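K.L.:
Turn these sequences into a full structure, and let the hints guide you.
Residue numbers (the working numbering), protein chains in the order written: chain L, 1 to 299; chain H, 1 to 299.
Note that these hints are calculated values from the structure, not bench results. Being a predicted model, the structure only gives us computed values, none of them experimental. Keep in mind that a hint or two might mislead.
All copies of an identical chain are treated as equivalent in the list; a pair is satisfied when it fits inside any one copy or across any two copies.
Straight-line alpha carbon distances no greater than 35 Å define the calculated DSBU-like cross-link-like pairs of lysine-lysine that follow [what the hints assert, rightly or not]:
hint, residue 1, residue 2
1, Lys202, Lys158
2, Lys257, Lys50
3, Lys137, Lys158
4, Lys76, Lys257
Protein chains: 2
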Amino acid sequence: MSLLVIGTLAYDTIETVHDKREGMLGGSAVYFAVAAAHFAPPRLVGVIGKDFQDEHLAGLRERGIDCSGVEVADGKTFRWGGRYEADWNTRHTLFTHLNVFEHFEPKVPDAMRDSRFVFLANAHPKIQLQGLQQVDKPEFVVADTMNLWIDVALDDLKNLLRHVDGLALNDEEARMLSGESNLIRAAQQVMGMGPRYLILKKGEHGAFVMGEDLHFSLPAYPVTEVIDPTGAGDSFAGGFMGAVAAQGNTSPQTMRKAMLYGTVTASFCVQGFSIEDIGQRTRMDFDERYAELLSIVTV
Amino acid sequence: MSLLVIGTLAYDTIETVHDKREGMLGGSAVYFAVAAAHFAPPRLVGVIGKDFQDEHLAGLRERGIDCSGVEVADGKTFRWGGRYEADWNTRHTLFTHLNVFEHFEPKVPDAMRDSRFVFLANAHPKIQLQGLQQVDKPEFVVADTMNLWIDVALDDLKNLLRHVDGLALNDEEARMLSGESNLIRAAQQVMGMGPRYLILKKGEHGAFVMGEDLHFSLPAYPVTEVIDPTGAGDSFAGGFMGAVAAQGNTSPQTMRKAMLYGTVTASFCVQGFSIEDIGQRTRMDFDERYAELLSIVTV
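P.N.:
Here it is as structure tokens:
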């Protein structure tokens with residue numbers, strides 16, 4: 001089934017305790033699409049600058065990602081720099097150069113307006129809604145957000161939440177948006193704002209999804225060596241939405257399996273910089289790790 | 001099957017953001033035994049002072065706990081005071097009065113020497129070993145410990161680890177004992193020190209068990225209101241060991257189910273001060289919550 005993602009294409013500079021890498025391919029929509037492409041061919045809407053390398057665009061296309069919604073604007077591509085502490089849980093933003101993303105207005109090509117599954121990657125909620133409203137009759141829409149928008153654009157975010165089926169948050173964002181420290185109560189609060197499903201990501205502590213007909217919780221895949229956690233959340237969303245789109249429904253059973261695929265996808269992502277690990281994985285790698293994770297969580 | 005616990009009986013003073021309670025029944029062996037008694041009748045070895053209230057001892061006996069190994073010594077019962085921050089994750093020790101526990105030397109009554117399942121609650125590893133050596137031929141021995149002993153009695157702890165089948169640690173202790181920040185690598189390191197199984201407790205983030213034939217991970221039960229987390233780890237161990245003893249074997253299947261029972265048990269424990277919640281639960285409460293947890297983790 002058709003799967004659309006609207007988000008960023010970026011060049012990232014990442015510092016970890018082990019390494020420093022500059023100008024690597026990144027961005028929420030890139031991580032999402034590369035992850036989802038293992039399950040269903042994604043359609044990508046975003047913006048790049050003149051400096052975006054042809055080989056990177058070609059690389060995305062080779063993975064079956066429809067890049068006809070990627071606009072090339074005058075200026076430079078979005079750039080972000082971050083540094084991780086040794087425990088991986090503390091991240092410092094070194095710089096954020098919005099560049100062409102500053103005035104991004106998503107333009108969903110006509111051929112993509114019939115998309116059934118939609119992921120609105122992190123952006124100002126007005127921009128997310130603007131993108132969503134160009135899709136005819138989506139079946140299942142999930143949005144991501146961040147603490148910044150909860151802080152400075154809460155009304156716009158709450159408006160968006162009335163139009164989406166699911167919201168993906170990390171634990172800190174869920175607490176901030178709900179004002180509840182207990183994550184279960186936080187999830188219930190957020191669902192009262194509109195979304196039928198809340199996907200709560202807890203990093204190394206796993207994730208859970210709550211909905212009217214569903215409460216499913218699982219631990220993270222036990223990665224023994226993290227190289228770079230950047231993109232883990234978007235990769236999770238890509239694996240999750242890719243699996244849902246491939247299945248073509250949102251039954252509790254599909255959602256549970258999709259949570260495992262999201263977990264597996266995120267675990268590959270953090271094993272390398274940029275898309276270096278997740279980009280080279282085969283469907284067999286996914287299925288093997290899915291089976292391993294299943295054995296770890298099966299009672 | 002016979003289940004023995006060696007540990008503390010105590011009176012606790014607890015401060016939370018909501019309440020302050022003084023001189024409540026507590027102690028590792030009390031929490032363990034009250035939890036385990038829901039599954040198999042535990043035998044308790046420990047020490048109390050002259051001030052220990054008869055009604056408390058009678059209450060333990062009424063639950064089917066064999067208290068013939070509880071020695072009454074001259075002096076006062078072990079007393080501990082702690083204060084929790086609003087997030088529950090930060091605990092400040094207000095005081096520790098070892099009292100009669102300071103010179104505790106476990107004396108396992110003859111009638112308890114045939115115990116098949118043994119839990120060595122947190123104590124100096126020399127004391128734990130001294131207790132264990134009085135058991136004839138235990139089938140499955142699990143020890144708990146704490147950061148203090150890793151710090152000041154590492155050699156004694158490592159010696160103990162060569163005599164136990166399982167070690168229960170929280171994430172901080174596992175990192176400290178192994179020198180590894182990654183919990184999976186930490187678990188592997190600790191298993192290299194002797195135990196066949198490592199039970200790793202992550203509080204609100206769940207728990208996992210690793211062994212030669214087993215790797216099973218599960219989230220915590222989603223408690224919506226924590227009243228007092230004191231005793232959660234010992235209650236987990238009590239539910240876990242009680243379920244294992246009731247089953248009479250340590251097959252992977254038994255261990256997985258026992259992890260769920262440990263999780264359920266800890267979730268009741270934190271819903272009240274002292275043993276107020278867990279002490280009043282029926283077997284039906286346990287089975288209902290077990291079924292609910294099972295539905296939350298089943299793919």
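K.L.:
One pair to classify: Lys257 and Lys50, alpha carbons no more than 35 Å apart. Within, between, both, or neither?
P.N.:
neither (40 Å within a copy, 57 Å between copies)
K.L.:
Have a look at Lys76 and Lys257 and pick one of within, between, both or neither, based on CA distance no larger than 35 Å.
P.N.:
neither (39 Å within a copy, 55 Å between copies)
K.L.:
Regarding Lys137 and Lys158, is the shortest C-alpha distance of 35 Å or less found within a copy, between copies, in both, or in neither?
P.N.:
within (21 Å within a copy, 63 Å between copies)
K.L.:
Cα distance capped at 35 Å. Does Lys202 pair with Lys158 within a copy, between copies, both, or neither?
P.N.:
both (22 Å within a copy, 33 Å between copies)
This entry does not satisfy hints 2, 4, going by the numbered hints stated previously.
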